[in-house]
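Can you build the whole structure from these sequences, using the hints too?
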Amino acid sequence: MMEKINVKICVGTMCYVMGGAELRDAIESLPQNILEHLNVSYSPCLGCSESEQAPPFIEVNGKRIAGVSKNSLIQIVKEEVRNVV
Amino acid sequence: MRNNGNFIEVDFFQKNKAGNIVCGDCFMSQKLKGEGRVISVLSDGLGSGIKACVLSTMTATMAMNFTAMNESILRTSTSIMNTLPKDMVRKISYSTFCICDIDCFGNVKVIEYETPPYYLYRNGRFINIPKEKIPVEREDLDNTFLWISEFTLEKEDRIIFFSDGVSQSGMGTAKMPFGWEDGAKEYIANLVNQYNDISAKELAHKIVNQAEKNDGYSLKDDTSCCVIYMRKPRNLLVCTGPPYDEKNDKYLANRVREFQGKKILCGGTTATIISRELGAKMEVDMNIVDKELPPISKMEGVDLVTEGILTLGKVERILTEGDIDRHREAGPAEMMVKMLLNSDKITLLVGTRINTAHQDPNLPVELEIRRNVVKKIKFLLETKYLKDVEIMYI
Ligand code: FES
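Here the protein sequences line up with chains F and U, keeping their order.
For the record, in the first sequence the residue sitting at position 52 is 35 according to our numbering, with numbers rising by one throughout.
Counting the second sequence from 1 gives a position; our numbering is that position plus 68.
Just so you know, these hints were derived from the structure itself, not from any lab.
All figures in this text were calculated on a predicted structure; none of them were measured in a lab.
Fair warning: there could be bad hints in the mix.
PhoX-like, lysine-lysine: derived pairs with alpha carbons at most 25 Å apart [what the hints assert, rightly or not]:
| hint | chain 1 | residue 1 | chain 2 | residue 2 |
| --- | --- | --- | --- | --- |
| 1 | F | LYS53 | F | LYS(-9) |
| 2 | U | LYS177 | U | LYS243 |
| 3 | U | LYS199 | U | LYS223 |
| 4 | U | LYS177 | U | LYS154 |
| 5 | U | LYS300 | U | LYS318 |
| 6 | U | LYS366 | F | LYS46 |
| 7 | F | LYS46 | F | LYS61 |
| 8 | U | LYS223 | U | LYS274 |
| 9 | F | LYS46 | U | LYS99 |
| 10 | U | LYS101 | U | LYS177 |
| 11 | U | LYS359 | F | LYS(-9) |
| 12 | U | LYS349 | F | LYS(-13) |
| 13 | U | LYS359 | F | LYS53 |
| 14 | U | LYS359 | U | LYS413 |
| 15 | U | LYS330 | F | LYS(-9) |
| 16 | U | LYS199 | U | LYS243 |
| 17 | F | LYS(-9) | U | LYS366 |
| 18 | U | LYS281 | U | LYS243 |
| 19 | F | LYS61 | F | LYS(-13) |
Take a look, some chain F residues computed to stay more than 10 Å from chain U by CB distance [as the list claims (entries may be wrong)]:
| hint | residue |
| --- | --- |
| 20 | VAL(-6) |
| 21 | MET(-3) |
| 22 | VAL0 |
| 23 | MET1 |
| 24 | ALA4 |
| 25 | ARG7 |
| 26 | SER12 |
| 27 | GLU19 |
| 28 | LEU21 |
| 29 | SER24 |
| 30 | SER26 |
| 31 | SER32 |
| 32 | GLU42 |
| 33 | GLY45 |
| 34 | SER52 |
| 35 | GLN58 |
Pair by pair, the computed Cβ-Cβ distance ranges are [unchecked claim]:
| hint | chain 1 | residue 1 | chain 2 | residue 2 | range |
| --- | --- | --- | --- | --- | --- |
| 36 | U | LYS318 | F | ALA4 | 32 to 42 Å |
| 37 | F | SER32 | U | THR220 | 52 to 62 Å |
| 38 | F | ASN44 | U | LYS315 | 31 to 41 Å |
Think of the CB as a built atom: it goes at the ideal place given N, C-alpha and C, for glycine as much as any other residue.
Structural data, given as structure tokens:
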């Protein structure tokens, strides 16, 4: 059994207004063969106030990534999945 | 309003005579914070429709203001009767009123003019308070009286007064040829026996709805009911915003843990702080959705965890519109509104650390300043919903 990739999406105020609201749809629109490798969760805030970077934020396997859009999220996730498969 | 550690809940409900778009009954209630007084007035204008509405609104407004200024009741009633416009057909100017004035010690004075007698429900039974009868001098009507009664409110007391839409409901039907009358007492006693802590709001709703049922679901008159209920306060703590000084994170968390009552955390950073300090696990709950708002979270020991400023903004909008029942979908803001309205004493604990990112002009939406929204919510809760609200900054 392979390790799953932990994807945490922020649904806090800043991320939400900066486009984070769409990230859930983006993730859920992925095909099953990708989704099965993911462990998706949500967070009320990933600590934007201490960061210089722009929201929305996600965390992939504990690593924070800033400025994520619908498209870049899909890219990032596909990339990660390719690495483990 | 608090009274020796007790809370006085005042609420009311009304329905219009079937087919009418305005109500000929008028209810008002006001807290005089400085004096610790609560004054409630119900007036029923002659007839129904707009004319009755004008009469009762004038009456209730005058009765309220004169009472608040401690004007004598005779002058009050004379002024009202001299001011009301005369009915063209009946040549009288007429509307009933019931004034209930409660001071900071729980002393109650009820003044009734031509209304169905009020009920005082105490310890499982209705109490009859002796009333002083004062004749009213007026040219157009003989034999009308003011009835004045005084007593001291005890814990768990309920005062119930209503327009004759309630007492005369069902009149002419086989079951109650003379109207509901004492049947109402029985109905109230049964309800209170069954639900000891039924709120004033719920009881008033139930009574009016039952009256409508008595009338075969088509009310023959405007129907209003006010309930005043003295009880232990239901406390609510709303915590929003991180403390200005991080050193106070612990203090904030302790306040939340030790608070006796229901608890709401409003804001991601705030919730994260509490979760960390109290070692309480937090999980976002994606099951409750509102397209306009980020989701809520679940945390042990806390009744509701929501996002901050956007949710507060929507709460304020709902409270302003006032049409709570229309917001049936149970999104985060509606959940918070429900909890606010089901509480008597609300403490808003507001953290003042500014999230500078919120003020970034590049944001696609304008985020309000937390303090301002909270202040507006306090104002609405106090004036419109008669809640006891305090704000503490941290
Ligand atoms: S709101 Fe997303 S990191 Fe703070």
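How the hints compare with the structure:
A C-alpha spacing of about 14 Å is found between LYS53 (chain F) and LYS(-9) (chain F), which places the hinted pair at or below 25 Å, so the restraint holds. Between LYS177 (chain U) and LYS243 (chain U) the CA atoms are separated by roughly 35 Å; this puts the pair beyond 25 Å, and the hint is violated. Distance hint between LYS199 (chain U) and LYS223 (chain U) is fulfilled; the C-alpha atoms sit about 22 Å from each other, no more than 25 Å. Of the pairs offered as hints, the one joining LYS177 (chain U) and LYS154 (chain U) is violated, with about 29 Å between alpha carbons and a cut-off of 25 Å exceeded.
Restraint check for LYS300 (chain U) and LYS318 (chain U): not satisfied, since their Cα atoms lie roughly 29 Å apart, outside the 25 Å limit. A hinted pair counts as satisfied when its Cα atoms are at most 25 Å apart, and LYS366 (chain U) with LYS46 (chain F) qualifies at roughly 24 Å. Our distance criterion of 25 Å between C-alpha atoms is met by LYS46 (chain F) and LYS61 (chain F), whose separation comes to about 16 Å. Between the alpha carbons of LYS223 (chain U) and LYS274 (chain U) the distance comes to roughly 22 Å, so the proposed pair stays at or under 25 Å and holds.
With a CA separation close to 54 Å, the supplied pair LYS46 (chain F) and LYS99 (chain U) exceeds the 25 Å bound. Only pairs whose Cα atoms come within 25 Å are accepted, and LYS101 (chain U) paired with LYS177 (chain U) is accepted, the gap being roughly 18 Å. Restraint check: the Cα-Cα separation between LYS359 (chain U) and LYS(-9) (chain F) comes to about 20 Å, which is no more than 25 Å; the hinted pair holds. Between LYS349 (chain U) and LYS(-13) (chain F), the direct Cα distance comes to roughly 22 Å. Compliance with the 25 Å bound is thereby established for this hinted pair.
With a CA separation close to 17 Å, the supplied pair LYS359 (chain U) and LYS53 (chain F) stays within the 25 Å bound. With a C-alpha separation of about 31 Å, the suggested pair LYS359 (chain U) and LYS413 (chain U) falls outside the 25 Å cut-off, and the hint is violated. Only pairs whose Cα atoms come within 25 Å are accepted, and LYS330 (chain U) paired with LYS(-9) (chain F) is rejected, the gap being roughly 30 Å. With a CA separation close to 31 Å, the supplied pair LYS199 (chain U) and LYS243 (chain U) exceeds the 25 Å bound.
Proposed proximity of LYS(-9) (chain F) and LYS366 (chain U) is supported: the alpha carbons are some 16 Å apart, at most 25 Å. Of the pairs offered as hints, the one joining LYS281 (chain U) and LYS243 (chain U) holds, with about 12 Å between alpha carbons and a cut-off of 25 Å not exceeded. Of the pairs offered as hints, the one joining LYS61 (chain F) and LYS(-13) (chain F) holds, with about 13 Å between alpha carbons and a cut-off of 25 Å not exceeded. Distance to chain U contradicts VAL(-6) (chain F) as a non-interface residue, since its nearest Cβ pair spans about 5 Å, not more than 10 Å.
The beta carbon of MET(-3) (chain F) sits about 6 Å from the closest Cβ of chain U, which is not more than 10 Å, so the claim that it is off the interface is violated. At the 10 Å boundary, the C-beta of VAL0 (chain F) falls inside the reach of chain U, the nearest C-beta of that chain being 5 Å off. Distance check on MET1 (chain F): its Cβ comes as close as 7 Å (rounded) to a Cβ of chain U, failing to clear the 10 Å threshold; non-interface status is violated. With a least beta-carbon separation of about 7 Å from chain U, ALA4 (chain F) fails to lie farther than 10 Å from that chain, contradicting its non-interface assignment.
Not every Cβ of chain U is farther than 10 Å from the Cβ of ARG7 (chain F); the closest lies at roughly 7 Å, contradicting the non-interface assignment. Here SER12 (chain F) stays apart from chain U, with its beta-carbon at least about 15 Å from theirs, past the 10 Å limit. Distance check on GLU19 (chain F): its Cβ is at least 19 Å (rounded) from any Cβ of chain U, clearing the 10 Å threshold; non-interface status holds. With a minimum CB-CB distance of about 15 Å to chain U, LEU21 (chain F) clears the 10 Å threshold, and the non-interface call stands.
The Cβ of SER24 (chain F) does not lie farther than 10 Å from every Cβ of chain U; its closest approach is about 7 Å, which violates its non-interface assignment. Not every CB of chain U lies more than 10 Å from the CB of SER26 (chain F), the least distance being 6 Å, so the non-interface label is violated. Not every CB of chain U is more than 10 Å from the CB of SER32 (chain F) (nearest about 5 Å), against its label as outside the interface. Distance check for GLU42 (chain F) against chain U: the nearest CB is about 13 Å away, which clears 10 Å, and the non-interface claim stands.
The claim that GLY45 (chain F) is not at the interface with chain U holds, since no C-beta of that chain comes within 10 Å of its own (minimum 16 Å). Listed as outside the interface, SER52 (chain F) is consistent with that label: its C-beta sits roughly 13 Å from the nearest C-beta of chain U, beyond the 10 Å cut-off. In this structure GLN58 (chain F) is separated from chain U by more than 10 Å, as the shortest Cβ-Cβ distance comes to about 23 Å. Distance hint check for LYS318 (chain U) and ALA4 (chain F): the Cβ-Cβ separation is about 33 Å, which falls inside the suggested range of 32 to 42 Å.
Range check, SER32 (chain F) to THR220 (chain U): Cβ separation about 53 Å, and the 52 to 62 Å hint holds. Checking the proposed 31 to 41 Å range against ASN44 (chain F) and LYS315 (chain U) shows it holds: the Cβ atoms sit about 33 Å from each other.
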